[in-house]
Amino acid sequence: AQRVTQPEKLLSVFKGAPVELKCNYSYSGSPELFWYVQYSRQRLQLLLRHISRESIKGFTADLNKGETSFHLKKPFAQEEDSAMYYCALSGRNNDMRFGAGTRLTVKP
Amino acid sequence: NAGVTQTPKFQVLKTGQSMTLQCAQDMNHEYMSWYRQDPGMGLRLIHYSVGAGITDQGEVPNGYNVSRSTTEDFPLRLLSAAPSQTSVYFCASRGPFGRSSYEQYFGPGTRLTVT
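Sequence order for the protein chains is A and B. Per the working numbering, the first sequence starts with residue 79, numbered consecutively. Per the working numbering, the second sequence starts with residue 51, numbered consecutively.
In case anyone wonders, no lab produced these hints; they're calculated from the structure. Being a predicted model, the structure only gives us computed values, none of them experimental. Just so you know, even glycine gets a beta-carbon here, dropped at the ideal spot from N, CA and C. You can trust all of the hints, since none of them are fake.
Okay, the calculated beta carbon distance ranges per label pair:
1) S118/A to Q72/B: 23 to 33 Å
2) P133/B to R170/A: 30 to 40 Å
3) S68/B to F154/A: 44 to 54 Å
4) S68/B to P153/A: 43 to 53 Å
5) T57/B to S118/A: 21 to 31 Å
6) K64/B to R131/A: 45 to 55 Å
7) R131/A to N115/B: 39 to 49 Å
8) R127/B to P153/A: 40 to 50 Å
9) S118/A to N115/B: 29 to 39 Å
10) Q156/A to V138/B: 23 to 33 Å
11) D123/B to K135/A: 27 to 37 Å
12) K64/B to S90/A: 34 to 44 Å
13) Q123/A to T57/B: 13 to 23 Å
14) S68/B to Q156/A: 44 to 54 Å
Kindly produce the complete structure, drawing on both the sequences and the hints.
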């Protein structure tokens, strides 16, 4: 079965603090993993994907196959990072499954 | 390119009514999908299509029908609306089938209320 778990529904940090949004997955095979973000009144948009190994807006995510995790991290959170974050997994059939999402609030 | 478009933006239905949510994309994407977004549940896949004439069920298909007669359009039909279908619906599209690393593009969403 293809499943994505985001254990934290809400996460609140102060500006300048490190932030980590957790994502665990279950999939029998080699998945493609993504982080999507939805800012207030905007469409869902891709933040980053594991295959690119990139850093976007200061965020990084490392795929840990042993722990089946793909946590999203940023060393210094900014107020504009406040948004809803979704972890997603894409399998063989191309269908993309999402976690329940984590609402991040960065306080001034 | 307009990307992924959805109509209507908002809709209120009475229980038992039927309606079709429209979705179109102009990126020549093979893969299209419908999700519903509910608080605490994230996005759940309703139906998806890997090309014209091919559709398949996702996680929560009951109460919804889809068809894919063209590459561009992927309408979602509610045959007999129920209050449990009150949600925000997102259509999305993606590049060639088989490329699971490709980004998925989302429409702006349709907010549906069933009374």
